[in-house]
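Participant: These protein sequence lines map, in sequence, to chains C and U.
Residue numbers for the first sequence follow this note's numbering, beginning at 204 and rising by one.
Residue numbers for the second sequence follow this note's numbering, beginning at 425 and rising by one.
There is no bait here: all hints are sound.
Simulated crosslink set (SDA-like; lysine to any residue; CA at most 25 Å straight-line):
#	chain 1	residue 1	chain 2	residue 2
1	C	K444	C	L303
2	U	K539	C	P298
3	C	K315	U	G463
Chain U is nowhere near these chain C residues, computed Cβ spacing over 10 Å in every case:
#	residue
4	A245
5	P246
6	R283
7	A357
8	Q363
9	F387
10	Y469
These aren't lab readings, by the way, just hints derived from the structure by calculation.
Where is the CB? At the ideal position from N, CA and C, for every residue including glycine.
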Amino acid sequence: MSTLVQGPAAPGGLRRRELMEKLTGMGFALPATLLLLTTSLAPLAVLVVMAFTDYDLGNLDFKFIGLANFGKAMTDPAFRRALWNTFMYVAIVLPLAVGLGLLVAVLVHGRKRTRSFYEVVYFLPVTSTLIAMATVWTFVLHPKLGPVNALLDALGIERQAFLSDPGLVLPTLALIGVWHLAGFNMVLFLAGLTAIPKDLYEAAEVDGCANPIDRFLTITWPLLGPTTMFVIVTTSITAFKVFDTVAVMTHGGPIGASEVLLYSIYLEGFQYFHTAYAAALTVVFLAFILVFSVIQAFVLDRRTHYG
Amino acid sequence: MASVALRSISKSFDTTQVLSNIDLEIADGEFVTLVGASGCGKSTLIRIIAGLEPQSAGSVEVGGRAIDHLRPHERRVAMVFQSYALYPHMSVAANIALPLSMQRLSLWERLPLVKHLSPRRRSVTRGIAKEVDAVAAQLQIGALLARRPSQLSGGQRQRVALGRAMVRHPDVFLMDEPLSNLDAKLRVHMRSELAELHARLGATFVYVTHDQVEAMTMSDRVAMMDAGRILQLGTPSELYARPANLKVAQFIGSPAINVLPGQVDSGGRIVVAGAALPVDASLPAGSAVSVGLRPESITPLPAGHRPPRDAVSIGARLRRVENLGAEYIMHCDVDGLDGTVVTCRVSAESAPPGDGALLLAFSPFACHVFDAAGERIRVVDDASRREAVRIPGATAVPNPTR
Chain C
204 MSTLVQGPAA
214 PGGLRRRELM
224 EKLTGMGFAL
234 PATLLLLTTS
244 LAPLAVLVVM
254 AFTDYDLGNL
264 DFKFIGLANF
274 GKAMTDPAFR
284 RALWNTFMYV
294 AIVLPLAVGL
304 GLLVAVLVHG
314 RKRTRSFYEV
324 VYFLPVTSTL
334 IAMATVWTFV
344 LHPKLGPVNA
354 LLDALGIERQ
364 AFLSDPGLVL
374 PTLALIGVWH
384 LAGFNMVLFL
394 AGLTAIPKDL
404 YEAAEVDGCA
414 NPIDRFLTIT
424 WPLLGPTTMF
434 VIVTTSITAF
444 KVFDTVAVMT
454 HGGPIGASEV
464 LLYSIYLEGF
474 QYFHTAYAAA
484 LTVVFLAFIL
494 VFSVIQAFVL
504 DRRTHYG
Chain U
425 MASVALRSIS
435 KSFDTTQVLS
445 NIDLEIADGE
455 FVTLVGASGC
465 GKSTLIRIIA
475 GLEPQSAGSV
485 EVGGRAIDHL
495 RPHERRVAMV
505 FQSYALYPHM
515 SVAANIALPL
525 SMQRLSLWER
535 LPLVKHLSPR
545 RRSVTRGIAK
555 EVDAVAAQLQ
565 IGALLARRPS
575 QLSGGQRQRV
585 ALGRAMVRHP
595 DVFLMDEPLS
605 NLDAKLRVHM
615 RSELAELHAR
625 LGATFVYVTH
635 DQVEAMTMSD
645 RVAMMDAGRI
655 LQLGTPSELY
665 ARPANLKVAQ
675 FIGSPAINVL
685 PGQVDSGGRI
695 VVAGAALPVD
705 ASLPAGSAVS
715 VGLRPESITP
725 LPAGHRPPRD
735 AVSIGARLRR
745 VENLGAEYIM
755 HCDVDGLDGT
765 VVTCRVSAES
775 APPGDGALLL
785 AFSPFACHVF
795 DAAGERIRVV
805 DDASRREAVR
815 IPGATAVPNP
825 TR
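In isolation and in its complexed conformation, chain C is listed as follows (with noise of 0.2 Å):
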């Protein structure tokens, strides 16, 4: 009865219920609405508007200037020796940190008792803060005090000037990037392992998987494909982003062989106060960025969701 009784009163009623608590939802998204809109938002609309203008930091006035400052991008020789050598480290790194990251990952997986040992081993590096490490990278590499040289040398190899030979330096910052990044990836591939039933092996071996190598490329590989896509977009970000090895150990020299493209941002906004041109290099920079999340997303994505 009491159904009945209420049934033409709820209509009104409930468009009452509803907007409160469209208004309570709203409500609870304002604040991160806000810091979103405050901190990244609105900074990344001014530094669009400045790409386009001729202003330098200390100027009183400026003036839009079309596409200027990304022309000027493209013919300038610097800029352009900073987007390779960026790309070079990508390449370097990318495959490097993935790969070393899956295999450690596989083999700490194996492990029992001295699992957590390896894991907090191999994930050291990365806790670690990357300006400091770099300063203990220079003398670790140091052509005559270095350990690494004093290796060589005991191991009949001649010593190296890895950080003032063109033609090492950006492997070795490469090599420095990849001990920073493996141990992050390491723990990503360790908790897409962990996912894995372990039914799956158990049938897989039944099934005539005897083999590591058939069991890896059977299971683990195929079941790893999520993990590994978000691994590979996280990793080509942050090596994209890489600034401070190059800032502390060898300031984009020698001549420019070690030049990325963050620090070139770094010295024309805030060593020569180009600002606008900088705020371009910017906008090139994250459309970089986005371009990778995006091919890799929709090139990865659809081979490697099961659910």
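Let chain C serve as the given structure and place chain U on it in line with the hints.
Facilitator: Chain U alone, transformed into the frame defined by chain C:
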């Protein structure tokens, strides 16, 4: 096709003994179920047969030869897992084909890209596809071959898992609680389907379950396990009619057997709830025993009714009745035994009218008597006498046999 023999299998994890001295002979083509509560070691035992777990001692033989040194895939056994363990990234066809591809293609012929270099790969995969189709047709999943496991219902996944096991034509099928993840209705259906499959394939089945109904309905023989030992091995009817152990009696049968505390009197007779059973227990006076009575062995009569000759009767009060349509399950409190509820199973027509005081009549030879350790005691084992004391008016509920 092959027989399976377990010779003194023991297994311990660190210091915990999981299986102790298991001996079991399974004939070629037989359907044997390992049944027991969780933690009794039944899954460990089937995993030892599969080669997924090494035994601590003893030997597994298939077809008369020891296979302890063989890897799981070399043992000619197939396993169906409780979770089905289908490969989520492969189509149904690829799932079923995997055991064959592993057998017939070399590692190079399975590697991405490189595999296209092999000239014979094409004809081999075509042959495999044909066999997959045949198995899929048998299981009526031919229309699902292109799908991924995530797009299948529980019952369909179950069939794919069966198909993956069948495609290799193994000597022995090992099934680890394969129906546990299905809903009740589908489980009943798959039960009969599995039994039919067994009959059709003629292969040896070793089946693990904690569900006594599955054990009773499908198996040729049942091995009831507890704490790493086989308590009793026999046909379903044997386990039901002559449980060797109190635990077997309590595990097999639904509703569960009634267990009443009893004692041996000075005359060697068993006294339960004040009634003396005219049987000789051959136990010292004063020994405590447990008396098991199947719900269908008890005939409830209205109080004051004269119990039939040779029947023993005890007083009880009706607590509640479950109406199952064709039969009633009557729950009664036994007089003088506080808190002991006895269930009786009677057909709808023969349920006594009214409520309150009842007389529970049963033949002394329907009692299963167990000593303090739970072992069955021979009382009087004379089938002809048992027939003689069938209680008039009691409707026989057929034993659940196959």
